[in-house]
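Student: Take a look at the letters that make up each chain.
2 protein chains.
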Amino acid sequence: MPNLQAAILQALRSVQDPDLKRDLVSLGMIDQLLIKDHTISFTIILTTPACPLQEILKQECIQAIRTQVTTDFNIAITTTAKVTTGHATASVLLPHVKNIIAIASGKGGVGKSTLTTHLALALVNYGVKVGILDADIFGPSIPTMWGCRGVRPPILEQEGKKYIQPIERYHVKLMSIGFLAEEAVVWRGPMASAALKQLLKETKWGPLDYLLIDLPPGTGDIPLTLVQTVAVTGVVVVTTPQKVALIDAVKAIAMFTKAHIKLPILGLVENMSYFLPTTAQNTIHYIFGKEGGKQLAQQKAIPFLGQIPLLPAICQQGDDGISAVDTLPIFDTIAQKVAQQISIQNAKATF
Amino acid sequence: MPNLQAAILQALRSVQDPDLKRDLVSLGMIDQLLIKDHTISFTIILTTPACPLQEILKQECIQAIRTQVTTDFNIAITTTAKVTTGHATASVLLPHVKNIIAIASGKGGVGKSTLTTHLALALVNYGVKVGILDADIFGPSIPTMWGCRGVRPPILEQEGKKYIQPIERYHVKLMSIGFLAEEAVVWRGPMASAALKQLLKETKWGPLDYLLIDLPPGTGDIPLTLVQTVAVTGVVVVTTPQKVALIDAVKAIAMFTKAHIKLPILGLVENMSYFLPTTAQNTIHYIFGKEGGKQLAQQKAIPFLGQIPLLPAICQQGDDGISAVDTLPIFDTIAQKVAQQISIQNAKATF
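Chains A and B, in that order, are what the protein sequence lines are. Note that the first sequence covers residues 1 to 351 in the UniProt record's numbering. Note that the second sequence covers residues 1 to 351 in the UniProt record's numbering.
Derived from the structure by calculation, the hints contain no laboratory data. In this text the structure is predicted, and so the values were computed from the model without any measurement. All the pointers check out, no bait thrown in.
Copies of the same chain are indistinguishable here, so a pair counts whether it falls within one copy or spans any two.
Below, computed lysine to aspartate or glutamate pairings styled on DMTMM-like, alpha-carbon distance capped at 25 Å: (1) Lys-58 to Asp-31; (2) Lys-82 to Glu-168; (3) Lys-197 to Asp-221.
For reference, chain A alone in the conformation it holds in the complex (with noise of 0.2 Å):
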């Protein structure tokens, strides 16, 4: 049936994804289109496992077949996801990582850490490849947060050259400036530098989805070195809802908005926006002020990807090494989120 199914496609070209702001059929996402026993089957390949939107596709591709071809026929889509990228591959220093997400903030200790591990429990609960460089060199928290202080990453020698092989932990591939060096240690400028660069070059990632950098906290030159070294796609921003660090927070995007660095900021996340005691559920506590966070994307027109409560749970699990069924549904939002908005900057960067 030919033109049932060019009738079909045409009346997919009308459904647009509403991120990628075209339509289905020119972004390639229709695939293996069958009419058959009275079914009309197709798949549509989203850019992501992780996309919030793939109910609605689906809604909007049947409305479209429905009201512009026919209503004979039974309808059936499932979904499948190719993680998009958006380097030309051979190009950049890890070829074989589609997306670099940098997790950031401008103040320390406001749950960078805490937000890379979770969002890397989330994603790779879609199926996709994970992994996370913990660059962190004024304290590598990863380590501590997957339960493997002390663990050496092995080496291995391929065609003469050696690279260090990532310590897998839930499917997630782990790479720690604390691998390295877990003593008291102090990290002169240009070591620093140089260490990060080895991990960065060095480490046998293998194909990953999305690749997790847990950078140092601040604005110098250390984080700012480090996103020009890697091709990343986006800038991830924690902050807590304090005035102290909101102020970071500015000046952290500031930097990598800049007019020589232009990172796409992928979104913000306040952390320790309330607590909620478990012995009184209705009392809500703004330990650290109210929404500091989301305001602050809303002036700055970036996408709010979430809160995240201050949980006895989140930090006993941090301390005392996380494992695969920790996850808390906020956490699955801001990974929807992440991977929607990577889908949007290679959509932007391909076309």
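The hints should help you fit chain B onto chain A, whose structure is shown.
Tutor: What follows is chain B alone, placed relative to chain A:
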């Protein structure tokens, strides 16, 4: 009555300063001894007006005279204080500054600036001269906390040399890296070091009993260079009870105490220790874990200076700008303990 006077002094030689481990007479702490109208009066010159032991010392003096000399006289003891110093004034960069206290943390965001601020307020309440140098290039919070963001310190010229005049608030002299560069700025390492050295050398502090330096967090070369540039009397380490913060606090302690640096750790402060809702005063929430800092102080055999609860008021004051009346008893206790440790260090340096 020379015999009586000699007998009293002899008796007072049996009273030891429990911190300095020597008797009050040979420490030169007894002054203006007078016997008149059936009253023995003298002054104890304390090593700091924030001395937590003054009542004990008074009582022991009275008891020594009563048991060893006479019960026939009234005894009137006044106290005064002359803050001690451990250095020979001529040889150091800041000769008019008696004591330099570095406030350090391994991890950022644990409350260094909050502690520095409240410590200064508590000390100045004892009538001593206090200054704050905010050296936290990664996020100077002092201007916000003292309500003087955007203020530019005046430049003075004296005998052909230029000086920066500190900003004074509530009798505390303030200088901050944030006064020099408040905008979004990438601090290349050497630039930051140069700016800090300028602040140290060119700030016209005048005479100070205590200069508190709010260090940058972490174990990088900047905090280290800083404490080596000036003759720091000792270091106060701040941490939260979380393991991820304690690990970094351990690193900081190791850095400051290692062989070629050997700075005394005056003590450890545990911040964000617990949350006590005003609505449910009987329910204590250990959001970041329980007593991690206290235990660390015990393990490392360093003085434990106190636990600061999570209080929305502390955060609010920091964001809105504190005022002189924003004092909490816990900060007074910590100030006393810090001043006490300073006196102990100075006594060690002098004898």
